[in-house]
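So you can see what is in the structure, the chains are spelled out below.
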Amino acid sequence: MIFGLPVLLMFLPLLGCFFVLSSRQNANNAKHVTILTLCSGILMILRLFSELDLSQKGMQFVYNFDWLTSANITLSFGVDAFSLLLLAGIYISLLTAVVSLPLQQHENKSLLAWNMYFLWNVSGLLFANDIISFYTFFAAILLPLFMLIGQFGDLKKKIGLYMFFIFNFAGIIVLLCAVVLVFKYYHGNIMLHEIALMNMPQKAAKAVWGGVCLALLARIPIWPFHYWISSIVSIIKNPLVYIITMLVPLTGLYGFMRFWQLTIAESVMPYINFMAIICLITMIFIVLIGIAHKEFLYKLFAYMTVYYLLFLLAEILLSSILQADTLQMNIAYALFTFLPVTSILIILDLQMEKECEDKNCDYRGILAYMPKRAKIFVFYVIMALGMPVSALFWNNFIIVSDLFKFSFNIGICVMFALSLLTISMLYELYVMRDLKKHISPNENIADISNLHLAYLAFIGAILFLSFFNPLWFKF
Amino acid sequence: MIAYITLTLFVIALLGSINIGIKKDRLFSFLMFILLCGIFAFFGLDFAAGKDSVLAFVWNSSPGGDIKIDIISNAYNYNLILPFFTITMFAVWQNIILRFEERRSAYNAALVFNLTALIVMITGNNFVQLLFALFVIDILALFLIKDMEAYRRYILLNIFADMFIFTVMAIINCKVDSLDIREILRYKQIGHHLDFIAISGLSAVFMKIGLFAFHIGGVGLQNIRLHRLQNVWFLSSPISGLIMLMKFHVLWNSSVYFAPYLHSICILSMFGGFLGSMCTKHFKLKIIYWQMMFGAILVELLCFRGFEWSKEFSLLLLQMYVLAEALYLIYYYTGRCNLIAEIIKRHSNNETALNMAFVLLFLAFIAITGTLTALYNRGNRYYIWTFAVLYTISLTVSIRQMIFLPRSNIITAKAPSVKMHWILFFVLGSLSAFVLQPKQLLAPAVLGFTVAFLFLCRYMPAAKQIAFYGRYKNRDYIGMIYKFLFIKPLRLCGKFLWILVDRLLVEKIIIGVSLTLAQKAIVGFRRAHQSTTMGQLMIVFILVGLICVAFSYGGYK
Numbered sequence: 001m002i003f004g005l006p007v008l009l010m011f012l013p014l015l016g017c018f019f020v021l022s023s024r025q026n027a028n029n030a031k032h033v034t035i036l037t038l039c040s041g042i043l044m045i046l047r048l049f050s051e052l053d054l055s056q057k058g059m060q061f062v063y064n065f066d067w068l069t070s071a072n073i074t075l076s077f078g079v080d081a082f083s084l085l086l087l088a089g090i091y092i093s094l095l096t097a098v099v100s101l102p103l104q105q106h107e108n109k110s111l112l113a114w115n116m117y118f119l120w121n122v123s124g125l126l127f128a129n130d131i132i133s134f135y136t137f138f139a140a141i142l143l144p145l146f147m148l149i150g151q152f153g154d155l156k157k158k159i160g161l162y163m164f165f166i167f168n169f170a171g172i173i174v175l176l177c178a179v180v181l182v183f184k185y186y187h188g189n190i191m192l193h194e195i196a197l198m199n200m201p202q203k204a205a206k207a208v209w210g211g212v213c214l215a216l217l218a219r220i221p222i223w224p225f226h227y228w229i230s231s232i233v234s235i236i237k238n239p240l241v242y243i244i245t246m247l248v249p250l251t252g253l254y255g256f257m258r259f260w261q262l263t264i265a266e267s268v269m270p271y272i273n274f275m276a277i278i279c280l281i282t283m284i285f286i287v288l289i290g291i292a293h294k295e296f297l298y299k300l301f302a303y304m305t306v307y308y309l310l311f312l313l314a315e316i317l318l319s320s321i322l323q324a325d326t327l328q329m330n331i332a333y334a335l336f337t338f339l340p341v342t343s344i345l346i347i348l349d350l351q352m353e354k355e356c357e358d359k360n361c362d363y364r365g366i367l368a369y370m371p372k373r374a375k376i377f378v379f380y381v382i383m384a385l386g387m388p389v390s391a392l393f394w395n396n397f398i399i400v401s402d403l404f405k406f407s408f409n410i411g412i413c414v415m416f417a418l419s420l421l422t423i424s425m426l427y428e429l430y431v432m433r434d435l436k437k438h439i440s441p442n443e444n445i446a447d448i449s450n451l452h453l454a455y456l457a458f459i460g461a462i463l464f465l466s467f468f469n470p471l472w473f474k475f
Numbered sequence: 001m002i003a004y005i006t007l008t009l010f011v012i013a014l015l016g017s018i019n020i021g022i023k024k025d026r027l028f029s030f031l032m033f034i035l036l037c038g039i040f041a042f043f044g045l046d047f048a049a050g051k052d053s054v055l056a057f058v059w060n061s062s063p064g065g066d067i068k069i070d071i072i073s074n075a076y077n078y079n080l081i082l083p084f085f086t087i088t089m090f091a092v093w094q095n096i097i098l099r100f101e102e103r104r105s106a107y108n109a110a111l112v113f114n115l116t117a118l119i120v121m122i123t124g125n126n127f128v129q130l131l132f133a134l135f136v137i138d139i140l141a142l143f144l145i146k147d148m149e150a151y152r153r154y155i156l157l158n159i160f161a162d163m164f165i166f167t168v169m170a171i172i173n174c175k176v177d178s179l180d181i182r183e184i185l186r187y188k189q190i191g192h193h194l195d196f197i198a199i200s201g202l203s204a205v206f207m208k209i210g211l212f213a214f215h216i217g218g219v220g221l222q223n224i225r226l227h228r229l230q231n232v233w234f235l236s237s238p239i240s241g242l243i244m245l246m247k248f249h250v251l252w253n254s255s256v257y258f259a260p261y262l263h264s265i266c267i268l269s270m271f272g273g274f275l276g277s278m279c280t281k282h283f284k285l286k287i288i289y290w291q292m293m294f295g296a297i298l299v300e301l302l303c304f305r306g307f308e309w310s311k312e313f314s315l316l317l318l319q320m321y322v323l324a325e326a327l328y329l330i331y332y333y334t335g336r337c338n339l340i341a342e343i344i345k346r347h348s349n350n351e352t353a354l355n356m357a358f359v360l361l362f363l364a365f366i367a368i369t370g371t372l373t374a375l376y377n378r379g380n381r382y383y384i385w386t387f388a389v390l391y392t393i394s395l396t397v398s399i400r401q402m403i404f405l406p407r408s409n410i411i412t413a414k415a416p417s418v419k420m421h422w423i424l425f426f427v428l429g430s431l432s433a434f435v436l437q438p439k440q441l442l443a444p445a446v447l448g449f450t451v452a453f454l455f456l457c458r459y460m461p462a463a464k465q466i467a468f469y470g471r472y473k474n475r476d477y478i479g480m481i482y483k484f485l486f487i488k489p490l491r492l493c494g495k496f497l498w499i500l501v502d503r504l505l506v507e508k509i510i511i512g513v514s515l516t517l518a519q520k521a522i523v524g525f526r527r528a529h530q531s532t533t534m535g536q537l538m539i540v541f542i543l544v545g546l547i548c549v550a551f552s553y554g555g556y557k
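Top to bottom, those sequences are chains A and B. Residues in the first sequence are numbered consecutively from 1, following our numbering. Residues in the second sequence are numbered consecutively from 1, following our numbering.
To be clear, the hints were calculated from the coordinates, so they are not data collected in a lab. Don't take each hint at face value.
In silico lysine-lysine, DSS-like type, Cα no more than 30 angstroms apart, as pairs [to be verified]:
| hint | chain 1 | residue 1 | chain 2 | residue 2 |
| --- | --- | --- | --- | --- |
| 1 | A | 375 | B | 23 |
| 2 | B | 508 | A | 294 |
| 3 | A | 206 | A | 184 |
Not close to chain B: a few residues of chain A, all C-beta gaps over 12 angstroms, as computed [unchecked claim]:
| hint | residue |
| --- | --- |
| 4 | 5 |
| 5 | 46 |
| 6 | 78 |
| 7 | 108 |
| 8 | 109 |
| 9 | 194 |
| 10 | 226 |
| 11 | 292 |
| 12 | 404 |
| 13 | 453 |
| 14 | 455 |
| 15 | 470 |
In this text, a Cβ means the ideal position worked out from N, Cα and C, and glycines have one as well.
Looking at chain A on its own, in the form it has when it is part of the complex (with noise of 0.2 angstroms):
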């Protein structure tokens, strides 16, 4: 039965949008599905990890199915613990954003099935063990990005929307090419770990790789490439669309991961210090920014690029001289506290912009009247800049510790980027809170809901756990 369960998993979400789109117009049918599908993939996660053997490298319940026989075409899926901890996290985070979705929008079966749609692609794409699956389901996310932030991410200009499909379609195409030339080259699907091993000319493995590379980091803001994300990210309302958004540098970010598994191609061997050094020079001109930035929404914008980046430069730097799984293990404990902390700075932000909208009222100093909203705001600020209140904090210290063992320098520029990005995250969360900052009081600001409280709190607990033991849920 368990073989079964990961294919399951991965299609639950695509049949809870049939669910969705299918649902009576009722004011939280949509809703209430997306919540118990969600609920329901938590679960199986949860199975599955109870399944999981730990100590065996490589996917694991993998089921392979003859697609292309002639040509050599078998899709494979599977999963690993790195996989699945990174969809826990997408669960969780989604569920949160649902859960905290704006009364208007509860109804909303477009919205809700879209989310679910790229739920599934993003499902696909972590379990994808091949390179055909995994160039469909990196392709496929494309148009649920597009549709909902088309249409829920209250975009003034459309150019940034133009822009952004632009950009991603045309790394799309480069992925295309490099996968085609695989498929040249290998004469059939080949499996993702193996790409790196696989024996080609020179100038074929330079475009090869080089497509790959272009490809993934076209779902990175690296700079100057930052901008279509940027754009979009600062203008974006709709808390739902902008975590839908946000989780885009994560496919990137995974691509590398199960690409480079085993061993990076010897053919970007020489330009891997290059990509270091942007990826650094990114890291810095981000947190300068956002230190520049009044709003808090691009100081965590600024922060989870900086994140992505670290754990980038991670994979790119010390795959070469570490166990890739351990470092693969240890970015996926930080990325599944680091997922859904993200989502909820995000939703609590845009709540609070929404309700100084509102009530016409400042936004800085806001925290200071809503007394059970700060008391949660500073709690996942303090997890998200690193301190010991989840797994992010030790992690992160052996992430930068390894980088230190490869670079000096590097791991000194790592360190400048994370100071200055908690010194600028703590600054503004005193403002937020700094009474004098509100010029114009208002006290009928809502505060949080009870409910809403302990949903949070309760997430908050599930993530201060991982602090003793990422894996606390696997028994």
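Please arrange chain B on chain A, whose structure you already have, making use of the hints.
What follows is chain B alone, placed relative to chain A:
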């Protein structure tokens, strides 16, 4: 055994943090204090028994080694924990008696949590354990300070310090491949970036203790309640800084910059603290500067004793605490006024209590001088003399102002009559009797300083100093330096990158030019498709060009 004591303290703190009604709060906090007394008695008995033991368990594993929780019980750790345990007990008890807080049990719980974290830090031998305790102490400091405006700089500076320590530990871990702090000696042999590690580590410690150039965080605390200020100084981040110094000095002092940096900052702190305390009329600010001076001499004395904590240091810390408590009582019985000039006029209603507080202050001063005499040696003599002289002058000037200053041209306002807490004086008196070392009291230096103290208290020309206060604008020069050296450039840099690179280069030039080019290309092709001669010629040229390229590079011969 310290491990069981730590665990019990943690449970008590957890229970104390339960939100119960205000009515039951006093009883609950009192029960908490009784339990603390019981644990303290066990602690004392264990200390006296002198048995060494270790409780170690693997918390988590990583390629860099196991993350262990070590709680090591030995005489050294008992000795180091003792003053903090005593101070925590006293702070809890004082909170019950003087009703500082609305929710006493919650505040007491924060204090006990803080003590638990300190014990974990003192007894631990693992980087992650140390970092964990360090961060927890900083987070708890927020609860102890409980003032948004005040902890802005304090917490930012402490976070910076934590980041420095994090970096130092990460560098050590990456070289020795171990999370065990005892392995730092191996790093010393490897010897990479020793100077960087020493300077970063020391800077972090200075930030935590609040020594000169890093004292803006401490100065920012001048508007919080005085008992919170004292609890933060004697139990929170400054102490964690000291512990870090004691744990890492073996590595840091191998750098040539260690000693000059440490001594120069300590000397500057003594003089800076002296000037600051002399120039300010703000009572709490004076206390902050005195604490800065005290921090400096403590670091210096530790340095000359090889950073080994001993009984004398425990005594010195407790004596300093008694002195701080005496100052607190003066503040409390004069109606909690912040300006030193106001204190004098508020004597009348609580004369007995104030006189007793001054006696307590005097006793604490003698005790401190005695301990300094015991710690005196050839190496540290200049530092001790400098500190003793500056401290005596600064303290006596303030006492002189508070007791003997002419009462003209000062705001006349009587302090409200406050209940005399005999039990408080009794306990503080007992504590000061405990920390007084009779052997040292007859030393010539102690006698000399006692006479000087009494003489200066009576005859110091303090009245002129009040006039000096008027000219002193209490400007935050160090804060301004920070602002102009670090904060403004960083913000400017961020704005420059945002406007010039993000907006101008990427948005306007790269994206704008690409869009314009795309539009032009579309217009061009549209025109080419129209049935004009030029359009058709253009298409023909393009196609011929493509054929030529394909023929040349397409691989055909």
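Okay, the hints, checked on the actual structure:
no.	hint	result
1	A:375 to B:23	holds, 24 angstroms
2	B:508 to A:294	holds, 22 angstroms
3	A:206 to A:184	holds, 15 angstroms
4	5	holds, 28 angstroms
5	46	holds, 21 angstroms
6	78	holds, 25 angstroms
7	108	holds, 31 angstroms
8	109	holds, 35 angstroms
9	194	holds, 25 angstroms
10	226	violated, 8 angstroms
11	292	violated, 3 angstroms
12	404	violated, 4 angstroms
13	453	holds, 14 angstroms
14	455	holds, 20 angstroms
15	470	violated, 8 angstroms
Violation of the numbered hints given earlier is confined to hints 10, 11, 12, 15; the remaining hints are satisfied by the structure.
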